[in-house]
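Top to bottom, those sequences are chains A and B.
With our numbering, letter number 148 in the first sequence gets 148, and the count goes up by one each step, no holes.
With our numbering, letter number 65 in the second sequence gets 65, and the count goes up by one each step, no holes.
It should be emphasised that the hints constitute simulated quantities derived from the structure, not laboratory data.
Label-pair distances were calculated between CB atoms; the ranges are:
id : chain 1 : residue 1 : chain 2 : residue 2 : range
1  : A       : 74        : B       : 54        : 19 to 29 Å
2  : A       : 230       : B       : 171       : 46 to 56 Å
3  : A       : 138       : B       : 25        : 46 to 56 Å
As the structure is a prediction and not an experimental result, all values here were calculated from the model.
Just so it is clear, CB atoms sit at the ideal spot from N, CA and C, and this is done for glycine as well.
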Amino acid sequence: MDFLSYTFMRRALIAGNMVGVIAPLVGVFLNLRRLSLIGHTLSHVALAGVAIGLFIGVFPLYMALIISIIAALAIEKLRKDYQDYAELSLAIILAAGLGLATILISAARQSAGIHSYLFGSISLVGTRDIYMILPLAFIILAVIIKYYYGFFYLAFNENEARLAGVPVKALNIVFMVVVALTISLAIRVVGTLLIASLITIPVAAGMQLAWSFKSTIWLSLIYSLIAVNSGLIYSFYYDLAPGGTIIITGVLLLLATMLIKYLYQKFFRPR
Amino acid sequence: MALLELKNINFSYQQEKAVENVRLSIEEGDFVAFIGPNGSGKSTLLKLILGYLTPDKGEILWQGQPASDVMDWSSIGYISQQVKEFNQSFPATVREIVGSNLYNKMGFIKFLNSSLEEKIAQALKLVDMEGFMRRKIGNLSGGQQQRVFIARLMVNDPDLIILDEPLVGLDIKAQDDFYRIIGEIKEKYNKTIIMVSHDIQVISRHANRVVCFEEGQVYSHRAREFSYDDYMYDLRQTNLRIIPRHEH
Ligand SMILES: Nc1ncnc2c1ncn2[C@@H]1O[C@H](COP(=O)(O)OP(=O)(O)OP(=O)(O)O)[C@@H](O)[C@H]1O
Ligand SMILES: [Mg+2]
Numbered sequence: 001m002d003f004l005s006y007t008f009m010r011r012a013l014i015a016g017n018m019v020g021v022i023a024p025l026v027g028v029f030l031n032l033r034r035l036s037l038i039g040h041t042l043s044h045v046a047l048a049g050v051a052i053g054l055f056i057g058v059f060p061l062y063m064a065l066i067i068s069i070i071a072a073l074a075i076e077k078l079r080k081d082y083q084d085y086a087e088l089s090l091a092i093i094l095a096a097g098l099g100l101a102t103i104l105i106s107a108a109r110q111s112a113g114i115h116s117y118l119f120g121s122i123s124l125v126g127t128r129d130i131y132m133i134l135p136l137a138f139i140i141l142a143v144i145i146k147y148y149y150g151f152f153y154l155a156f157n158e159n160e161a162r163l164a165g166v167p168v169k170a171l172n173i174v175f176m177v178v179v180a181l182t183i184s185l186a187i188r189v190v191g192t193l194l195i196a197s198l199i200t201i202p203v204a205a206g207m208q209l210a211w212s213f214k215s216t217i218w219l220s221l222i223y224s225l226i227a228v229n230s231g232l233i234y235s236f237y238y239d240l241a242p243g244g245t246i247i248i249t250g251v252l253l254l255l256a257t258m259l260i261k262y263l264y265q266k267f268f269r270p271r
Numbered sequence: 001m002a003l004l005e006l007k008n009i010n011f012s013y014q015q016e017k018a019v020e021n022v023r024l025s026i027e028e029g030d031f032v033a034f035i036g037p038n039g040s041g042k043s044t045l046l047k048l049i050l051g052y053l054t055p056d057k058g059e060i061l062w063q064g065q066p067a068s069d070v071m072d073w074s075s076i077g078y079i080s081q082q083v084k085e086f087n088q089s090f091p092a093t094v095r096e097i098v099g100s101n102l103y104n105k106m107g108f109i110k111f112l113n114s115s116l117e118e119k120i121a122q123a124l125k126l127v128d129m130e131g132f133m134r135r136k137i138g139n140l141s142g143g144q145q146q147r148v149f150i151a152r153l154m155v156n157d158p159d160l161i162i163l164d165e166p167l168v169g170l171d172i173k174a175q176d177d178f179y180r181i182i183g184e185i186k187e188k189y190n191k192t193i194i195m196v197s198h199d200i201q202v203i204s205r206h207a208n209r210v211v212c213f214e215e216g217q218v219y220s221h222r223a224r225e226f227s228y229d230d231y232m233y234d235l236r237q238t239n240l241r242i243i244p245r246h247e248h
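All chains should be modelled from the sequences, with the hints used to inform the complete structure.
So this is what it looks like as structure tokens:
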């Protein structure tokens, strides 16, 4: 446990665990609503935010936060107004975000810093990041707990939620902001390229074994925290980018779960 | 005063008229059957009543007041024509599905408490599904899922129940069970029900009023005097709006 004696590693673990809690929580709802493309899109938009920040000299994560919230609200509007073209509009926003990011990064000429925003970084998690991640992660957690069954209903049947008294329009907007915040907070730990995977992979693993909605959430959370913590520790000892080690751990956990489930069904279930 | 009154409702999708000058009034305790060919505007009229669509012309009154102003939507229980089209691998239990409809009755934090759990148990008992509380919704048969959706609607103690072709895909036994449960709901709670069905023979045995649809227009009848011949007769009429058939 000698890694705990390093301040930067303690900070990375705090940030990583906060993100490791909120990412699968948001991910369960996002994936079940079949909106996971929104995660991909917002992470590329967030990268544009990072690039703008680097370019004009503002803390990149603040810029990522602002830009991805704006994009999330725009996506929600497009999703409602042009239902038939929802996917196309996501693809366009994704392309615009990535294009803009590329231009700004190449124009800035000192692109050394960008590496950590693409793949995550444990040594660069600073106190400023912790002060940003902690309160926002708690707010996200509180919002999801408060509106738990509202988000559940939106995921199961968005159309009928209104008849149960769920404030559909408002909750949809809240949800999109929560997704944007989660993505921005995860940049430091896993990097923009792999955020969408952190939102998806633990949930996919959790759903393999789940027997209810609640258990889906708890299992996804457990998978996510195992992946984040072991990923960060590998990253520390082998000096690798944490984004990759976290996601690969997650993928291995998913594959192992699928294999165990398959073997169990093949050999232990009475026919 | 009528529970629900439709006054000269008109509605078109793009150019095509789907509902034309419909007048209809539904009393508390009515069991109204909607019948009519595919595309005659049954589901559209229901969506207008449910507030999913807004009439181009005309007015919908709920206990004499404009529905758009006074309606508490959770007082309507609805099973849509697409109810079975949900993601069958959705990881939720029967308890969670039925419980989610109690959203309005949950406290500041939207979770289920023990008094709500009791309501869920009662609703499932009504449809003989109390043993299925912890089963995944996707692992149930079509008929069992249908009963869960009836429980989901009943858990809210609705004033009006709207069922859009709830019998599609159910076998004879499940259809019998369905009518037995609906009969019980009517008898015990005297709920007002609107139900779309294509089986004129069966539905007119259960409903007390039959409303025939033809190209967006409606003809209303007392069920007891209503027969298949009347239905065919209606389909040949085009100018009449409402025929008080029993007066002929
Ligand atoms: N979303 C829509 N956009 C455009 N036109 C529609 C839409 N929904 C229905 N229509 C049209 O409105 C008319 C009435 O449709 P509706 O679904 O109300 O019929 P229905 O009586 O419920 O038929 P069915 O028995 O097949 O369910 C049809 O001509 C249909 O093509
Ligand atoms: Mg229909």
